[in-house]
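Taken in sequence, the protein lines are chains H, W and G.
Per the numbering used here, residue 1 is the first one in the first sequence, and the count goes up by one each step.
Per the numbering used here, residue 1 is the first one in the second sequence, and the count goes up by one each step.
Per the numbering used here, residue 1 is the first one in the third sequence, and the count goes up by one each step.
Derived from the structure by calculation, the hints contain no laboratory data.
Idealized CB from N, CA, C, for every residue including glycine.
Be a bit skeptical, because a hint or two may be false.
To be verified - Beta-carbon label-pair distances, calculated as ranges: (1) 61/H / 54/W: 51 to 59 Å; (2) 14/H / 12/G: 54 to 62 Å; (3) 99/H / 107/G: 54 to 62 Å; (4) 116/W / 181/H: 30 to 38 Å; (5) 180/H / 183/G: 52 to 60 Å.
Stated by the list, open to error - Straight-line C-alpha distance at most 27 Å; calculated DSSO-like pairs for lysine-lysine: (6) 187/W / 2/H; (7) 168/G / 187/W; (8) 70/G / 2/H; (9) 275/W / 113/G; (10) 187/W / 225/G.
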Amino acid sequence: MKRTIFSNQLLPWLLLAPQLIITFVFFLWPAAQAVRQSFLREDAFGTRTSFVGLENFAYLLQSPEYFNSLKVTAIFAVSVTVLSMGMALLLAIAVDRMIRSTRVYTTLLVWPYAVAPAVAGILWWFIFNPTIGIMPYVLAQVGYDWNHISSKTDAMMLVVIASAWKQISYNFLFFLAGLQSIPGSLREAAAIDGAGPVRRFFDITFPLLSPTTFFLLVVNIVYAMFDTFGVIDATTEGGPAQATNIMVYKVYFDGFIGQNIGSSAAQSVVLMILVLILTVVQFRFVEKKVAY
Amino acid sequence: MIENRPGLNLLAHATLILGVCIVALPVWVAFVASTHGPTDFMSGTIPMWPGPHLVENYSQMLGAGVSTSGTPPVGTMMFNSLIMALSIAIGKIAISILSAFAVVYFRFPFRGLAFWCIFVTLMLPVEVRIVPTFQVVADLGLLNSYAGLSIPLIASATATFLFRQVFLTIPDELTEAARIDGAGPMKFFRDILLPLSRTNIAALFVILFIYGWNQYLWPLLITTSSDYYTIVAGIKRMADAVDGLPQWHLVMATAMLAMLPPVAVVVGMQRLFVKGLVETEK
Amino acid sequence: MASITLDNLGKVYPGGTRAVGGVNIDIADGEFIVLVGPSGCGKSTLLRMVAGLESISEGEVRIGDRVVNKIEPADRDIAMVFQNYALYPHMSVRQNLAYGLKNRKTPKADIEKRVAQASEILQIGPFLDRKPAALSGGQRQRVAMGRAIVREPAAFLFDEPLSNLDAKLRVAMRLEIKELQKRLRTTSLYVTHDQLEAMTLADRLVVLNGGQVEQIGTPLDVYRKPASAFVASFIGSPAMNLISASAVPHLPGTAHAGQIGIRPEDLTVTPDGPIAMNVLAVEELGAQRLVHGQTGGERITITLPSDAPLSDSMNLSYRPDALHLFDKDNGKRMD
């Protein structure tokens, strides 16, 4: 809270106007529309709209497709988070041991952050291309017949790998910062107490890293749920047979391709509630942002 | 390091080299593919070493594109991406720094409400309100325009919070000295706050440029005219179109060009990039 | 140059907390006034009300003949030196000095002349083109003063300007401020919690406690005739001995007093003195020594020459006119 303040009354509103107008027109209004549309249904020809109460939601809850999407989203988010954070932690620990080469390795590891999810999808799609990709060729040597166009498992693995790959650099940077902020004297004290490197990691480093880990857990789940649209659209488009149809993709698909506005809006509302929960969780953790 | 264990160091280096290879693998494969001619993909697997067609492939994509895919030359798409990324980065910084200034340095009725309006944007990523937002932009006649590509994406609670944190660390006495020195609010903003926030602005710019360049869903929806295609959204259309006769070398050349500017920004401005990344999340 | 008048000045914060109340001070043109008191006594609030950085809830501030209650800080014709200097970190020393003049549309040649003058007075010429971060604490302090001087204001306001300096530099800068003010004859209002700084700088002292003025007077007046037990305890080092009158009922003339006070240097050791003290500790200061002891359950301190003999118990006497008596109800001086 500032002690010195300017006393103008009109000026702050002028300063806030651009932000508030954009927020209202492109955020609040559409969100309100989504809520409104979630209570409406259009007839088959799009000529009449009627109020149907919670029917869209009831329909969603009875829809096996929607449950499938929930399940797919959960598997996808957990796999991406675990794979990406695991790799990143391993690399961060290795770099943290380095003295001279920290910077070089960091540079070599951070750049995938800059690759768009859609482009990441295209790259891995090419590598795993069943006819000419190198990975199916390698896998065939060990007797695995890779085909993400027909196999649900392969398709899921493809989008998980592509999404996790892009997120490694982000997790790596935060893990490295977390590791470097642990005072060296703590590890030295543990070494004097007779703990070897592995023991030191589990007894000292990992517990002290838990705020970073928790923060990254939330960020990665949010990433997997919302920012991976490009990966899915560039590779599997939700298929085969709905195997990679995560919730965000389904909202888009039902709304734009399927033209089922009511259902898409109801799904939007469910997603908003999910983001709300995730944001609250995140802000309980980094509280200072909310207090003003 | 506490005790000298050569074995562990070796293991660490091995892990890192393997990690760097995994991270680099898809880009290497794409690069190699982009240097070959169309016939090299007919026979079985993709080659692992660069071919002789680098200049040819890239100049074809930059200048002419693939006529059958309905996408414009990559040069045009890159230009559109650049306009979008710059508009989003500059727009976000401008409106966020102004609103942070208002929230921190003024007391006015409904200040709390204004703050919550900004805050709530955090909870509404474009992906969850995609259909009604598209309708609003269509109603405003902003489809197929640079304004439509950028303006709906420039409201940002994160950037506002970042500037708010920066302003809160600037001592009150500095503001008081400026007031006694005869600086009104806007003069104070221009002469004191802006120069003192310079590095934060630069760091944020790096992050937001990447964010803007990498937008996918939004440009995909609101650009139907190929004149406004951005490269990240256009590449998918191109890949779809060439699926029939696989011109992989051209798709991968486009992918390389789509990655080049943001990767160059990250590598070239690594210090600012890390600062921006850590600060926007704090 | 101008006089400053605080007329029944008061500050009540939203929420009802009263920081300052009923303050009346007349500051003559060219006078150096020091506001002194413990932290939280309202001295900074008072200064900030004069500066215009804090709104005025009661009474009036006049600078010259003008009521300035509603006037912006920049238009009050005052300059302020802050505790943490508040130099603009991104501007050079020269730009820091010139900023206020530039905002006032002072002609360029005039700005240059005044900056040159101020930098000569304060000997900051060699680092005019450096940034504040490249300066030492003392140099920053000088630049902060320079920023006030170039403005040639009607009054200087100082908000604990020396408290961020180390002890030695503080003494040197104290003297410099004193000399500077003598030379420029600019009306000055100076806030400090350090009573020594207050004594050495002030033409007149204003002792504040709990948002109220306890006493206004020249340093010697305040020292010799403290208006209350609070002032007595606050001004002077080592502090005046204050003992409850009931602890020494045998002393003459103290019947109606709540507390009696005697300065440590006013007590002498005599074999038949009326106050018997058990010595607890001795602090050597070099030129003199402080002897701490106890009488009738009350702590007492005396200053003795460093060659004076010491023993475990001493009898103390005093001149009758060195005795200060304070009322038992309100702590005010009785005489």
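Hint-by-hint comparison with the structure:
Checking the proposed 51 to 59 Å range against residue 61/H and residue 54/W shows it holds: the Cβ atoms sit about 55 Å from each other. At roughly 32 Å, the beta-carbon separation of residue 14/H and residue 12/G lies outside the given 54 to 62 Å, and the hint is violated. The supplied range of 54 to 62 Å is met by residue 99/H and residue 107/G, whose beta-carbon atoms lie about 59 Å from each other. Remark: the range hint 30 to 38 Å for residue 116/W to residue 181/H is upheld by a beta-carbon distance near 32 Å.
Residue 180/H and residue 183/G have their C-beta atoms about 54 Å apart, which keeps the hinted 52 to 60 Å range intact. For the proposed pair residue 187/W and residue 2/H, the alpha carbon gap of about 18 Å is at most 27 Å, so the pair holds. Annotation: proposed proximity of residue 168/G to residue 187/W is violated, straight-line Cα distance about 39 Å (limit 27 Å). At roughly 21 Å between alpha-carbon atoms, residue 70/G and residue 2/H fall within 27 Å of each other, so this suggested pair holds.
About 43 Å separates the Cα atoms of residue 275/W and residue 113/G, which puts this hinted pair outside 27 Å; it is violated. For the suggested pair residue 187/W and residue 225/G, the alpha carbons sit about 50 Å apart, so the restraint of at most 27 Å is broken.
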